[in-house]
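Asker: Sequence:
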Amino acid sequence: MEYCKRLCAQRGDQVLQERRCFDEIGWSVELEFDQSILLWHIATDLCYYYDVEKKQVIVERPECKVSKALADYMLHLLINCPFMLPSGIGKIRFQDTCAEAIEFFQERKFFMEGDLDQTKKLRVKACTTLIKVNTKIKPSEVKGDRSKSV
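Quick note on this note's numbering: the sequence shown kicks off at 3 and runs consecutively.
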């Protein structure tokens, strides 16, 4: 289990050490995760398009194609699916949504305590009430830019 944790915590530093360039560019994997992704994407694009122009034979190598595809995919995740990445806006979005749900139910005096039959009735009522919420209006229009609630 400890090995798996260490493996999942790797952000490229092992490869940089194996290639003996960690001392030179290791700082780039010690930045905040999203900053590191952006930095590596830019670097990959710069190298790729430089090689397309100057060293076409390198661009055709599988390693180059995989590097470019990986950099593009990580940027896609960062921009389009941040909740799939560690310590991104996904956590904030989840926390804001939970806080808003708690507030929503407190304002309507929903309490989920009591006997099993009462709890089931309250859950049905809560779900029925939530379904009626107008989701066409973005939360940011109601709560402002600070809220990331869904």
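These are calculated hints, taken from the structure and not from any lab test.
Each residue gets a CB set at the ideal place from its N, CA and C atoms; glycine is no exception.
Some hints could be false.
Ranges of calculated distance between the beta carbons of each label pair, as one might list FRET restraints [claimed, not checked]:
{"hint": "1", "residue 1": "Q16", "residue 2": "N136", "range": "21 to 27 Å"}
{"hint": "2", "residue 1": "K138", "residue 2": "R22", "range": "53 to 59 Å"}
{"hint": "3", "residue 1": "K67", "residue 2": "E34", "range": "24 to 30 Å"}
{"hint": "4", "residue 1": "P64", "residue 2": "Q19", "range": "20 to 26 Å"}
{"hint": "5", "residue 1": "W29", "residue 2": "E65", "range": "47 to 53 Å"}
{"hint": "6", "residue 1": "D15", "residue 2": "T131", "range": "26 to 32 Å"}
{"hint": "7", "residue 1": "Q108", "residue 2": "Q37", "range": "34 to 40 Å"}
Under the rule of at most 25 Å between Cα atoms (straight-line distance), these lysine-lysine pairs were calculated in the BS3-like manner [said to hold, decoys possible]:
{"hint": "8", "residue 1": "K57", "residue 2": "K70"}
{"hint": "9", "residue 1": "K127", "residue 2": "K111"}
{"hint": "10", "residue 1": "K67", "residue 2": "K57"}
Asker: Now look at each hint and say whether the structure bears it out.
Answerer: Status of the hints after comparison with the structure:
Distance hint check: the CB atoms of Q16 and N136 are about 50 Å apart, inconsistent with the given range 21 to 27 Å. At about 56 Å, the beta-carbon gap between K138 and R22 stays in the expected band of 53 to 59 Å. For the hinted restraint 24 to 30 Å between K67 and E34, the CB-CB distance of approximately 28 Å keeps it satisfied. Between P64 and Q19, the C-beta spacing of about 23 Å keeps the proposed range 20 to 26 Å intact.
The hinted window of 47 to 53 Å between W29 and E65 is violated, with their beta carbons roughly 23 Å apart. Range check, D15 to T131: Cβ separation about 49 Å, and the 26 to 32 Å hint is violated. Between Q108 and Q37 the CB atoms are about 37 Å apart, so this pair conforms to the stated range of 34 to 40 Å. Our distance criterion of 25 Å between C-alpha atoms is met by K57 and K70, whose separation comes to about 15 Å.
Of the pairs offered as hints, the one joining K127 and K111 holds, with about 11 Å between alpha carbons and a cut-off of 25 Å not exceeded. Among the hinted pairs, K67 with K57 is consistent with the structure: their alpha-carbon atoms are about 14 Å apart, no more than 25 Å.
The structure fails hints 1, 5 and 6 (numbered hints given earlier, in ascending order).
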